[in-house]
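Novice: As given, the protein sequences belong to chains E and H, one line each in that order.
Numbering of the first sequence is given in the UniProt record's numbering, commencing with residue 1 and proceeding in unit increments.
Numbering of the second sequence is given in the UniProt record's numbering, commencing with residue 1 and proceeding in unit increments.
One thing to keep in mind: the hints can contain errors.
Subject to a maximum C-alpha distance of 16 angstroms in a straight line, what follows is the list of computed EDC-like cross-link-like pairs (lysine to aspartate or glutamate) [as the list claims (entries may be wrong)]:
#	chain 1	residue 1	chain 2	residue 2
1	E	145	H	56
2	H	315	E	170
3	H	77	H	362
Honestly, the hints are just simulated from the structure, not real lab data.
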Amino acid sequence: MQDTKSPKGLTRRELLSRATAAGASFVIGAGYVAGRDAAWATEMNAMKPESFATLAQMARDIYPHDQVADQYYAAAIKGYDTQEQAEMAEAGLGKLNTLAREMKGSDYIDIGWEADRVEVLRAMQDDPFFQTVRGGLVTGLYNQKEIWPIFGYEGESYSQGGYINRGFDDIAWIG
Amino acid sequence: MAAPFDKTDDSVVVIIGTGAGGGTLANELAQKGISVVALEAGGRYLPQDFLNDEWDSFGQLAWTDMRTTSGDWRVAKDFSNLPSWIVKAVGGTTTHWAGASLRFQDHEWKALTNYGALEGANLLDWPIDGAEMASWYDKAEKKMNVTGTNDNPRLPGNNNYKVFSAGAKNVGYQEFHTGNMAINSRDDQDRMMCQQTGFCFQGCKWGAKWSTAYTEIPEGEATGNLEVREKAHVARIVHDDSGKVTGVEYLDENGDMHMQAARIVCVAGNSMESPRLLLNSASTMFPDGLANSSGQVGRNYMRHLTGSVYGIFDKPVRMYRGTTMAGIIQDEAKHDPSRGFVGGYELETLSLGLPFMAAFLDPGAWGREFTTALDHYENMAGMWIVGEDMPQETNRITLSDAEDQWGLKVANVHYSDHTNDVAMRNHAYDRGMAIYDSVGATRTLPTPPYPSTHNLGTNRMSENAADGVVNKWGQTHDIANLFVSDGSQFTTGAAENPTLTIVALAIRQADHIAREMSAGNL
Ligand SMILES: Cc1cc2nc3c(=O)[nH]c(=O)nc-3n(C[C@H](O)[C@H](O)[C@H](O)COP(=O)(O)OP(=O)(O)OC[C@H]3O[C@@H](n4cnc5c(N)ncnc54)[C@H](O)[C@@H]3O)c2cc1C
Ligand code: SF4
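Excised from the complex, chain H in its bound form (with noise of 0.2 angstroms):
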């Protein structure tokens, strides 16, 4: 049968969420002929509808509704309702993201091998590795036609990346280019390539930049087997007595329920709100929420231990010209303990405009100190701090007291940083702050994190049903046909920017469900 699809419909496999990894997986399925339903909380915004303008772009796609916030991580403090920077938009996140796309590194898969069991690190290997990755990998990379991959072109630098790359170089390092970007820099895939715009975070305006909303959404509608049903905020997933999934029940824009019946439910919602939707769609039979028998929904939330450096020169720089993240050190990605920590980082050009960098620098500062930084804004060079923080069991989702505008109680957060975090934190600083004096800056600038833009690991993937909430396939241990979608299956962060590894994934899963599926097992 051909979308749309009627709500009694039982055959369809119903999507929550379209960014990263319900947008892909919805039209992988969609191309193999699997009727599919996906089901977005918010409305559809294309390049013609994106905005260059840093506020105006996060009140048309950021997601505004109530989150709480605990922890001693300063987000709860300075943003307390609003822990994260993601998309409630077709497209998901993938609308405002920066394309950085990189592959793990072996070691990362297996964190509890590598790096040993840490005090008050929950950490786990993955029941997967990079050889079995690698061929998800490749398909992802083409998907996303991303640089420095498949013939791909590397973007040129701008002037924030020769900056950055001078630094680089000056201090020593030696893996550094402008990147794994899932950004054209060249006409191909029919979209445009790079016109180095700068405002990569509010939605490419030249669709340049991979995003599900104008790439697998359109191309799975097109099959004919996807509907795309906007503003449809899920609410709660349904069981029957065997304790299989049934179907959702959604809220319109008016505030009208609706339910969808479905032959598979998996839920991509990032990793705040799948783990949110588990625990709401508690039971009779299932108290603790769905798929929970472990108690590990919403447990071990991860969100990269990031951070950023800007340095201010005694000259001109003008980095919010061109490609906002094209370019990466990755020197510093590797497991080298004698660092004083475990994991890795890689450093990242970054830059805000300059609305966003009042609110982002250093918020809650006032007085000269602060602003004599911005007086210099076009003078700065920015760089960002992504390096893997240690998975904890306290740092959660849980519901909180608080409700959002449909009544249903709303994510609490909850974060501190391990002393990992911290030690890595630090040493990421000094590196950053010495490639700025290396060229000459005048002042630098060790910036906190800002709202977490990589959410991770609160439904997260384990060999044994009794350390996480799914396998290897990302189906939920205790429901065969109840799938988790997101980044929110990530086992541990490792140091890479996620969404190339959420992609992967899914593409990974829609075959896992295919072959199921015609085999009879679901």
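Chain E extracted, bound-state conformation (with noise of 0.2 angstroms):
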């Protein structure tokens, strides 16, 4: 799911100077959303960039691991950005901010602390939309492979021949 080259060719400096700022983390241009380091960056197909921002970061706000990197984020949600998901999606990211609004002053991206942020999440936990994204996350973000090892989470292991040989027991600190 993760587009590891720039969109349409782009290169670094290119895609940060055609880009303005959506928040704390993310950058979008025409079409495409990006890390603020320009590190990763992902193509829109249906959805507004800046709907797709507003939506990683609620991802992140609903699960914070500050060591796990935006893309993953971005990588968990990318289901939303399709013809059939979009309009959903959207939809419940305008009530978001709506709410947001209302509540803080601003659209949700540009509420500075998270505890602001997930402040507007709780007045919204109920909500479908809420419930829908929360619920996809628990596979979407924590079923990729690639961020197991930030956990300490090792995956399959029969192909090395189990933990038999591998520490299965090599518990140090107690008896």
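Both chains are given apart, each in its own frame, so use the hints to dock them into the complex.
Specialist: This is the structure we're talking about:
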């Protein structure tokens, strides 16, 4: 799901120069969303770039892991950027922004502190859109094998002969 | 006549489901020279097919046909169409199971006598006891090569066990070890010893763990007396005017209906599907469903009270390495009402991989309280609570208005905790947290029950026909040639993981069926 190349072959510099900031983590340009450092970028198929950036921020605020880079959150929600899903997502994010403006006086992604964004999410947590996004993240985020090592989970072990000779009982700090 | 059998052959025993109960019964009957057709809704997967990946394995093996839920259990809210984590495959849930193989304690066979009548609980004594079952347990432990029995050494303790046992010692427990596991601790029975891969719940790729999929079933097939028809979903059991069952109607994978004639029918579809099938088989003669003159079909659904405790430490544990459930503390398994509840519970080591931990640690939870726990996944240790829950008439399987892909009414699973269950779970949470605290946990997480893995009691065994569905042989009180052969026979649940008892009952039932057949009674 993750695009490693910049959209439409833009160089890193071009990409950054054409983009505008969206919240703390993202930059958006015509038809794409990228990380602030342009380490990753993803082209939009159906969603507006600003909506996608908002959704990525929402995903991080639902399951915040400071050691997990934005690109994995972006990958976890990329499924909403399709003809079938985009309308539902745009509508849900519209609601989120309305609530954000009511409660905090700005669009969701422009709220600076996580605690303030979380307040907005709490107010919305029984909404089906919130529940869909949250439920989708449970597998969308945590079932990405690339992030398992960050949590110290080693995944598949059969091909390596199990742990019988690889530390099934190697705990050192207990008697 | 040798397998395969003709669909009109009415001399065969038809078994529905090939899990712990059905798979064992199929082999035992085949070994005695009895012709068996086993119909299994799922497909066939063997160790080479199993996947070391939680969600992929779930997709491969789990029963995901529609079910509905009600009652105040949290599963009904968080997993409304997944009340249970069980398997639809040849071998049934013995592909997913962890292998913990414990005998009932003697007093547990007589729950009503020993606990007394409890308000709201539909307690009853089993019509059998520990003395009756001892020799059948012996046979089951031999068959399954259970560690800690028959000179089979126990498994070595993994990281998770070391934390668990150190804590057990600190809080003064005395009965703890790496369990009685149906997992080879050395090469035996043409199966390898455990390689500590840590994916016991996903099907053992080494075949070290006993599963009917690659033990009982092929052994039975090798006799020429057993035919397993996979992807064959039984829709209805049919009977004649005298009230004897005569065969079953089943759907193949294309949805085409077939009829298999039978001399005897044995139902072993797990405690949600078995009562569903009896209820879906209602006829003019049996308007409330087959074998349901007592009204008890589907009632007294039990699931063990369950719950988990995870501890987070300041240093790595890596609980996921090694055998998933090789660790047990039995000190709390006794019946000691001074603790504020009847019955007891076992504590067993447990580990989930990161994907399942995210899904099951606190379903629905989000935000930093939740994610900071997962951040320390590597430093987590885990245990599972298996305690006796109370049978309640209102906890039951009924037919839902919803239909499955075949247009058959699905099971609705209704469950609410009894106050005894709540008291026991809270006690167990306290003890579990104390265990981890004693070894320096910086945070403990009392985790709610997962979708049910132990499903029991919905066609219960009783002395009197008015109190239950089957007699002490698993034969229905109402219909002599209709048997129940799975965990739904359980009169009460006891504190122990159920499979060893299901297998022991199946071996005993095979003996009874063979005897009755040769005596001309069946
Ligand atoms: C993750 C996990 C871990 C477990 N660990 C342990 C453990 O350590 N110790 C223990 O004792 N127990 C354990 N269990 C429980 C154990 O697996 C079950 O108690 C046992 O397998 C139940 O046996 P059964 O015969 O009642 O049903 P199952 O083994 O579930 O078999 C039922 C079979 O019937 C089939 N079926 C259902 N309806 C139909 C139909 N209409 N037509 C045709 N076929 C049908 C199903 O597809 C299935 O294959 C565990 C379970 C799980 C999920
Ligand atoms: S830990 Fe042992 S029993 Fe479990 S899957 Fe691995 S080899 Fe099989």
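Novice: Give a verdict on every hint.
Specialist: Here is what the structure says about each hint:
Restraint check for residue 145/E and residue 56/H: the C-alpha separation of about 12 angstroms stays at or below 16 angstroms, so the hint holds. Restraint check for residue 315/H and residue 170/E: satisfied, since their Cα atoms lie roughly 12 angstroms apart, inside the 16 angstroms limit. Pair hint residue 77/H plus residue 362/H holds up; C-alpha atoms about 12 angstroms apart against a cutoff of 16 angstroms.
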